[in-house]
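Trainee: Modelling step: build the complete structure from the supplied sequences, incorporating the hints.
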Amino acid sequence: MSGAVVAALVLLAAAAVAAYLAAPLYLRLFRRELTRAEAIERAARQLGLDFFRTDPAFPGSTPAKYPFELFSRGVRQECDNLFAGAVGGVQLIGFDFRYVDPQPNRDDGGAADDETDAVWQRVTCVVALLGGSAPHVLINAVGTLGTAIDSATWATWGIQNRAIQFESREFDRVFNVRSADSRFAKALIDAEMMAWLLATGPRWQWELQREYALCTAGLVPPEDLQQMVTTVMAFARLVPRVATVLHFS
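The sequence shown maps to residues 0 to 248 in numbering that gives the first Met the number 0.
Just so you know, the hints here were simulated from the structure itself, not pulled from any lab data. Note that beta-carbon positions come from the ideal geometry of N, C-alpha and C, so glycine has one too. It cannot be assumed that every hint is accurate.
As the list claims (entries may be wrong) - Label-pair ranges, simulated between beta-carbon atoms:
1. R44 <-> Q164: 14 to 24 angstroms
2. E166 <-> P58: 42 to 52 angstroms
3. T243 <-> T34: 34 to 44 angstroms
4. D100 <-> E166: 33 to 43 angstroms
5. A140 <-> P239: 16 to 26 angstroms
6. D223 <-> A85: 40 to 50 angstroms
7. A140 <-> G73: 15 to 25 angstroms
8. Q90 <-> T53: 18 to 28 angstroms
9. K64 <-> E166: 11 to 21 angstroms
10. F165 <-> E37: 37 to 47 angstroms
11. D189 <-> G73: 30 to 40 angstroms
12. T243 <-> E37: 37 to 47 angstroms
13. G47 <-> R161: 39 to 49 angstroms
14. W119 <-> T243: 32 to 42 angstroms
Stated by the list, open to error - Below, in silico cross-link-like pairs of lysine to aspartate or glutamate (EDC-like), each with a Cα-Cα straight-line distance of 16 angstroms or less:
15. K185 <-> D171
16. K185 <-> E166
17. K64 <-> E210
Mentor: Structure (structure tokens):
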């Protein structure tokens, strides 16, 4: 038997062993994703929402319809586990969104391999339709926003990199609120909304832009999805009358 044939057989055997060892990991990952999709579908159906395991329009195209910076991040974006419909009179859509940040060159000086070196960032999103047109407002837990966003980005958004101060010190200790329109932000977060946000806690991060409100909280476990959706519904219904008078039709 020639040396070339022996080498080919060795490579074939090595590939077979690698596939044998990798198969259980692949199956575990596949089953985990399948289990998540099934659990999200079950939660969505219980809320009376439609469910789509993949983007019904085009892979990754649904988030791009909405005017939020999150959905333009990375060099690749995808979404799945979409659910949509009305809850408590509030029209909303939610999905698992993921994106890949640009990869720096490897330590050895070689170019990064987009597939091998890719690290997906994943977050569950719910977008609610408010109507009208709101100025850009961000409501985030203290310590979670600001350090990762530079001044140039804030300027692009038309927002100063400085939190708006409210009369409640307790609220200011828990939340940062930023907007180019502080009058609207203070009208939005009236006493009732402030009390609700404090009671709900800083887990949920909020952003208003035009006629939409976005809620995120990392990758939300399926068992918490109904809580997230009903929280978004409550937020949308709490938008105060004075804020409605200022900007919403």
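Trainee: For each hint, tell me whether it holds in the structure or not.
Mentor: Hint-by-hint comparison with the structure:
1. R44 <-> Q164: 14 to 24 angstroms: violated (44 angstroms)
2. E166 <-> P58: 42 to 52 angstroms: Given a distance of about 47 angstroms, which is inside 42 to 52 angstroms, the answer is holds.
3. T243 <-> T34: 34 to 44 angstroms: holds (41 angstroms)
4. D100 <-> E166: 33 to 43 angstroms: With a Cβ separation near 39 angstroms, D100 and E166 satisfy 33 to 43 angstroms, so the hint holds.
5. A140 <-> P239: 16 to 26 angstroms: Because 21 angstroms falls inside the window, the suggested range holds.
6. D223 <-> A85: 40 to 50 angstroms: Violated, since D223 and A85 (Cβ atoms, about 21 angstroms apart) do not stay within the stated range.
7. A140 <-> G73: 15 to 25 angstroms: With a Cβ separation near 23 angstroms, A140 and G73 satisfy 15 to 25 angstroms, so the hint holds.
8. Q90 <-> T53: 18 to 28 angstroms: holds (21 angstroms)
9. K64 <-> E166: 11 to 21 angstroms: violated (37 angstroms)
10. F165 <-> E37: 37 to 47 angstroms: holds (42 angstroms)
11. D189 <-> G73: 30 to 40 angstroms: holds (36 angstroms)
12. T243 <-> E37: 37 to 47 angstroms: Given about 39 angstroms between the Cβ atoms, the range holds.
13. G47 <-> R161: 39 to 49 angstroms: Since the Cβ atoms of G47 and R161 sit about 42 angstroms apart, the hinted range of 39 to 49 angstroms holds.
14. W119 <-> T243: 32 to 42 angstroms: Given about 38 angstroms between the Cβ atoms, the range holds.
15. K185 <-> D171: holds (12 angstroms)
16. K185 <-> E166: holds (10 angstroms)
17. K64 <-> E210: holds (12 angstroms)
The structure shown violates the earlier hints numbered 1, 6 and 9.
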